[in-house]
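Turn these sequences into a full structure, and let the hints steer you where they fit.
Residue strings, one per chain:
There are 2 protein chains.
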Amino acid sequence: MALIVQKFGGTSLSSLNRIRWVANQVVKCKENGNKVLAVVSAMAGETNRLIELCKSVMDPPDERELDVITSSGEQVSSGLLAMMIKAMGYDAISFQGHQVRIITDNAHSKARILRIDDEKIRKALSDDKIIVVAGFQGVEEEGNVTTLGRGGSDLTAVSLAAVLNADSCELYKDDVDGIYTTDPGICEYARKLKKISYDEMLEMSSLGSKVLQARAVEFAKKFHVPIHVRPTSKPDAEGTWVVDEEEAMVEMESVVISGLTYDKDQSKITILHVPDQPGIAAKLFTPLGDEGIIVDMIVQNVSTKGHTDMTFTVPETDFKKSITIAKQVAKELGGRGVTSDDKIAKVSLVGVGMKTHSGVASKMFSQLAREGINILMISTSEIKISCVIDEKYTELAVRTLHEAFNLGVDK
Amino acid sequence: MALIVQKFGGTSLSSLNRIRWVANQVVKCKENGNKVLAVVSAMAGETNRLIELCKSVMDPPDERELDVITSSGEQVSSGLLAMMIKAMGYDAISFQGHQVRIITDNAHSKARILRIDDEKIRKALSDDKIIVVAGFQGVEEEGNVTTLGRGGSDLTAVSLAAVLNADSCELYKDDVDGIYTTDPGICEYARKLKKISYDEMLEMSSLGSKVLQARAVEFAKKFHVPIHVRPTSKPDAEGTWVVDEEEAMVEMESVVISGLTYDKDQSKITILHVPDQPGIAAKLFTPLGDEGIIVDMIVQNVSTKGHTDMTFTVPETDFKKSITIAKQVAKELGGRGVTSDDKIAKVSLVGVGMKTHSGVASKMFSQLAREGINILMISTSEIKISCVIDEKYTELAVRTLHEAFNLGVDK
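Protein chains in written order, with the working numbering: chain Y, 1 to 411; chain A, 1 to 411.
Among the clues, some could well be false.
Copies of the same chain are indistinguishable here, so a pair counts whether it falls within one copy or spans any two.
[To be verified] Derived SDA-like pairs: lysine to any residue, alpha-carbon spacing no greater than 25 Å straight-line: (1) LYS30 x ALA87; (2) LYS331 x ASP290; (3) LYS320 x ILE280; (4) LYS55 x GLY45; (5) LYS55 x SER14; (6) LYS343 x PHE365; (7) LYS120 x ARG101; (8) LYS221 x ASP183; (9) LYS86 x ASN106; (10) LYS194 x LEU3; (11) LYS331 x GLN277; (12) LYS86 x GLU119; (13) LYS55 x LYS129; (14) LYS55 x ALA44; (15) LYS123 x GLY143.
No lab work stands behind these hints, which were simulated from the structure alone.
Here the structure is a predicted model, which is why all the values come from computation and not from measurement.
Structure follows, in structure tokens:
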């Protein structure tokens, strides 16, 4: 008998009718001969309502009490789903984070899971009950309530699937029906992937395909949990499986590139003509890090006469703050000033096949050149090549690369 | 340094302004040199909203899941109050039932407190924090969430006061400013009591003065917790203290009667002419008990020629069901049938002074007779005399007895 973990988001739980639909999905899985554990988010809008309530009391809200209050959303939805399943004549039971127990560190509102006691859940499963677990929440060692951050219910589902050695972890999504080669919104030939490896998914996630929480994918990779991204709109259709690289490769055969992502939320800053000495990079990036600014790409030019230019990208929201810091640092280092540009985009090819196939980078560069698109920065990893380009060429770049690497469906 | 437990009801927490007012009360108590622990109900209307939500899923709702869901109301209000106190610059921390931990039996929605672990709260108090505890909720041994029934936050407050050996337990009330000699609504001379004993309060509560939850008063009596019933409308005024009998007597001096209550929600049933044999009462009251019907007064007439009449009272809501059972029993016992009346009321005098003062009963009976009020049933206990009368005489009886026993304020 297989064990399936199913996770449902807030939109799927936004009304009694939707909760009844979810209960039906769970019961159907059970009727198909599986043991089932469902993980739920709060009813749509509830978490934001509670956060706003807190902010009207204290802004920013006290983090410990914020977690106490926001976790009540999943408490209610998990109880309601368990009750709905019971009303349909099946034995169900809800568990909160403190009941499972899901032990986290004490980083309120962004806690990391340390371990999960699975005894109670195993007992309930062996009693043939359907389990409903409140997502998003845990407790730290002292019993204080914690939450796992936005998208945290994905992480709850994957972690439970890992601990219980579940056969699969189905993540139901309202807005997508799987993982695509690229954004169908700007490329009509975008194709839904049957399988993708964890690493590729991570690159796709962090590069802008915001379907799965990156931490959930990391966790799934570490514990080899097969994730099935499924659309709530077509619950019987296959979505996309996120699996181990070996298994993903079996299906993909000669596929080198799995996906193509873009990110317009980027800006670029250059400090001109600074002395090329040890410690220069640290002098720049330490104050940026202290301000909580996440620097993505960093490129240092070849040194000319003992001086160099240093270029880096930051999210557009941190653009102004970063310029102020860069100017300060340039002054201290005796640089010739700072140039900047927030009208840029990053386009990235992702694929584990890159590890064994050469020529991907050169093909990407020449294809962009053929369309007259200038490359401003380049960054590579084992399974990814990213180019920063002028923002206005984003759609053109995505379409031409999608076609050049033959990612699409047949025209 | 004194330790004060303060309990605030839902109306006091119905808006951010009201929560701010509560936070001010708590901080004022702290500033007066006390350690403070506040117990809160859910924001007004929230518990009913959640119950309705549950009923729309399953009616009657599954009791375990109902407790999971309804307890979220106190979770939110406790977090908000702690946050509000923090926003005012004081160190505060909220505790849920599972964190304290408040251990109960597993009778969902009407659980009884078995014990309270006070370690975490004592630690937080010694760290000079203001404590906010979610009322109404606990966990049973297995960690399942339970709730204590309507008015359960009173019980949470009194129990914590008992365990922590608090100097007093202040119960803030929105609708009353203390305990009165009788209902000010029908007797303009009703007087607010300064002190009342636990037993008197219990008789007053169960007889219809629904100010405090009876179980909370029982608990306070058992552990000698001084309760101070205070009005939110006049937070600096003294309300009524509910205390040990000895202490209540010191103040009351020669007062024999403390209060006068009435209850119109009563009905009366008589089984006529049943054989006066052992076991007759059991045959009648066992089936009533099996149906969950609470019988209040029972009167058996003197036996005539081996037969007797048996009269009892039940709440009006159980009137019809009780008649059906009574008729069935009358038939089995060979009785002459059943008479009934739901237009009755019970009027009761309460006072520990009755234990040592004679003449109270005869004075009550003669006073009612003087007004032409016929007494239908009589029942007495150590500190209470109740008379069942025709419902239409209720107000007249209350006013005349209130005056006769000199309970009122000076005219």
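Results of checking the hints against the structure:
Within a single copy, LYS30 and ALA87 get their C-alpha atoms as close as 15 Å, which meets the 25 Å cut-off; across copies the closest is 48 Å, which misses it. Only within a single protomer do LYS331 and ASP290 lie at most 25 Å apart by alpha-carbon distance; the minimum there is 19 Å, versus 88 Å between protomers. With identical chains, the CA atoms of LYS320 and ILE280 are at most 25 Å apart within one copy only, with a shortest distance of 21 Å there and 90 Å across copies. In this homomeric assembly, LYS55 and GLY45 come within 25 Å of each other (Cα to Cα) both inside a single copy, at 15 Å, and across copies, at 22 Å.
Proximity of LYS55 and SER14 under a CA criterion of 25 Å is satisfied in both settings, with 23 Å inside one chain copy and 17 Å between copies. In this homomeric assembly, LYS343 and PHE365 come within 25 Å of each other (Cα to Cα) only inside a single copy, at 20 Å, whereas the closest approach across copies is 94 Å. Taking CA atoms no more than 25 Å apart as the test, LYS120 paired with ARG101 passes in both settings, with 9 Å inside one copy and 19 Å between copies. In this assembly of identical chains, LYS221 and ASP183 lie within 25 Å of each other by CA distance solely inside one copy; the values are 24 Å within and 69 Å between copies.
With identical chains, the CA atoms of LYS86 and ASN106 are at most 25 Å apart between copies only, with a shortest distance of 19 Å across copies and 35 Å within one. In this assembly of identical chains, LYS194 and LEU3 lie within 25 Å of each other by CA distance solely inside one copy; the values are 22 Å within and 64 Å between copies. Taking the closest pair of Cα atoms, LYS331 and GLN277 come within 25 Å of each other only inside a single copy of the chain (16 Å); across copies the shortest separation is 108 Å, beyond that limit. Taking the shortest Cα distances, LYS86 and GLU119 sit within 25 Å of each other inside one copy (22 Å), while across copies they are farther apart (37 Å).
Proximity of LYS55 to LYS129 under the C-alpha cut-off of 25 Å is restricted to the inter-copy arrangement: shortest distance 22 Å between copies versus 39 Å within a copy. Within a single copy, LYS55 and ALA44 get their C-alpha atoms as close as 19 Å, and across copies as close as 20 Å, so both meet the 25 Å cut-off. Taking the closest pair of Cα atoms, LYS123 and GLY143 come within 25 Å of each other both inside a single copy (22 Å) and across two copies (14 Å).
Checked against the numbered hints listed earlier, the structure breaks none of them; every hint is satisfied.
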